[in-house]
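Participant: Let's have the full structure, built from the sequences with the hints guiding it.
Order-wise, the sequence lines are chains A and B.
The first sequence begins at 1 in the working numbering and counts up by one.
The second sequence begins at 1 in the working numbering and counts up by one.
What the hints contain is simulated information worked out from the structure, not anything from laboratory work.
Heads up, none of these hints are tricks.
Here are the simulated lysine to aspartate or glutamate pairs, DMTMM-like style, with alpha carbons at most 25 Å apart:
1. B:LYS34 / A:GLU252
2. A:LYS169 / B:ASP24
3. B:LYS5 / A:ASP243
4. B:LYS63 / A:GLU199
5. A:LYS127 / A:GLU144
6. B:LYS110 / A:GLU252
7. B:LYS5 / A:GLU144
8. B:LYS5 / A:ASP107
9. B:LYS34 / A:ASP107
10. B:LYS34 / A:GLU170
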Amino acid sequence: MKKRIGALMAVMAMSAAFAAHAQQPVKKAAPNAAGATDATTADFEKFRDVLEEDNPAELFEARGEELWKAKRGPHNVSLAETCDLGLGVGKLKGAYVQLPRYFADADAVMDAERRIAYCMVKHQGFKAEDLAKKPFSSGNYTPELVSLTTYVAGHSRKMKFAVPQKHPKEKETYQIGKEIFAYRAGPWDFSCSTCHGQEGMRIRTQNLPNLSTSEGALRAVQGWPGYRMTGGVMHTLQWRLNDCFRQQRFPEPNYVSPSLTALLSYMTVNANGQMYKGPGIKR
Amino acid sequence: MKTHKITLFCAASLLATGIAHAGDYRAQAIALIKHDFHTRGIATADRIYEDGVQAVCNYSSDKPPATIAARLQKDQFDAIKWPSDGKYLGDWKSGEKIAQSGRGMAWNYKPNNVNGGSCYNCHQIGPKETAFGTVGPSLYQFGKLRGYGEDMQKYVWSKIYNAKATNLCSAMPRMGYSGTLTEKQIKDLAALLLDPNSPVNKE
Chain A
1 MKKRIGALMA
11 VMAMSAAFAA
21 HAQQPVKKAA
31 PNAAGATDAT
41 TADFEKFRDV
51 LEEDNPAELF
61 EARGEELWKA
71 KRGPHNVSLA
81 ETCDLGLGVG
91 KLKGAYVQLP
101 RYFADADAVM
111 DAERRIAYCM
121 VKHQGFKAED
131 LAKKPFSSGN
141 YTPELVSLTT
151 YVAGHSRKMK
161 FAVPQKHPKE
171 KETYQIGKEI
181 FAYRAGPWDF
191 SCSTCHGQEG
201 MRIRTQNLPN
211 LSTSEGALRA
221 VQGWPGYRMT
231 GGVMHTLQWR
241 LNDCFRQQRF
251 PEPNYVSPSL
261 TALLSYMTVN
271 ANGQMYKGPG
281 IKR
Chain B
1 MKTHKITLFC
11 AASLLATGIA
21 HAGDYRAQAI
31 ALIKHDFHTR
41 GIATADRIYE
51 DGVQAVCNYS
61 SDKPPATIAA
71 RLQKDQFDAI
81 KWPSDGKYLG
91 DWKSGEKIAQ
101 SGRGMAWNYK
111 PNNVNGGSCY
121 NCHQIGPKET
131 AFGTVGPSLY
141 QFGKLRGYGE
151 DMQKYVWSKI
161 YNAKATNLCS
171 AMPRMGYSGT
181 LTEKQIKDLA
191 ALLLDPNSPV
201 NKE
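Facilitator: Here it is in structure tokens:
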């Protein structure tokens with residue numbers, strides 16, 4: 001394992017170099033609007049191939065495993081012996097690709113990160129406000145919930161998305177997510193749909209997946225939680241949505257709030273039936 | 001340090017409080033959004049409320065009934081503040097910088113920030129910039145193709161000031177109306193598109 005961690009560290013150093021490289025303006029022959037290729041994306045794809053073998057997400061999965069199994073919090077219990085992610089207490093295999101789902105104990109539909117946070121509060125006795133103090137990674141800091149979510153997600157590697165739509169609240173949550181996706185407001189009149197509602201659009205050189213299609217939705221949920229080249233940190237979809245709301249010029253969504261679960265339900269159900277590769281790498 | 005807010009044990013059912021009726025998903029979505037967003041920096045919580053134009057476009061999936069659209073569009077047009085000295089065009093060199101900058105209006109910017117127009121995020125414009133987005137149409141050679149006359153100057157000014165004044169559910173932000181760009185900045189951008197000597201038209 002020592003040697004393996006060493007290799008992963010080297011990979012992470014490389015990715016810092018990529019981040020620096022990605023900041024360079026793209027210089028190439030003037031493209032026309034339709035046929036423009038994306039040099040940064042091409043570089044990134046090459047880079048990701050090199051990384052296939054040594055996925056930096058594994059480091060965070062290892063940390064998440066310790067956190068999942070340890071007796072912690074004021075109640076001194078482990079998540080492994082108390083937390084039900086939908087398939088039974090402590091059952092992890094395939095849980096991530098079947099979330100968000102309805103949980104009778106909370107009478108609510110919850111996504112993975114929201115459910116783990118719920119378990120930490122309800123069973124381990126942590127304070128919800130503390131979990132929200134610094135929920136996103138930065139520099140060398142990785143929140144416990146990010147490692148835990150990455151660990152849970154790792155148990156669904158190469159499994160198909162099968163987010164349930166049986167319970168009335170699950171169907172309702174999907175429909176509400178669809179409405180939030182289309183909800184335009186704020187000083188710049190943006191909705192998610194402005195940037196992610198059509199095929200083949202770009203913001204600068206970044207390709208925008210069309211989240212209303214199943215291929216686009218897969219692209220959007222694929223590879224998250226993801227180790228981000230730009231910045232060299234691990235992020236979950238909670239962070240991605242938070243940053244998109246910033247770009248949307250909206251106020252900030254509350255951490256693990258039902259609005260975000262609804263959006264995640266919309267995107268993940270749209271990706272149903274397709275394979276989840278597991279926690280990965282994002283540019 | 002700023003603290004994030006959390007809604008973990010949310011009003012499991014906003015329905016029960018009578019805010020929205022089951023099955024009216026748009027009303028339910030709005031009730032949730034009102035509950036789940038907070039002010040951060042300049043991005044105040046009241047931004048989640050739709051104005052009339054936004055509401056009509058949201059409600060009709062961007063296809064408002066023609067009569068309503070015409071009426072609202074006229075209101076938007078009538079509210080345009082035209083340049084105080086009657087001159088539509090400024091300095092294209094400064095316009096290029098404003099078109100490049102995506103700064104402003106998000107929670108990570110200070111209230112006194114000099115905003116940009118984010119134009120390249122969505123449009124091809126000058127021939128040198130290859131990192132442009134494709135949410136909007138290409139504006140390369142705009143003047144050359146569309147003409148340089150006063151009508152065109154007025155149209156471009158109106159488009160940048162308030163894109164909704166000529167296309168109610170346009171995806172383009174209302175840059176003057178929203179207070180993002182100043183009169184001088186809009187003149188400089190109009191010059192970028194309509195000055196015959198700007199690289200947009202020359203090269």
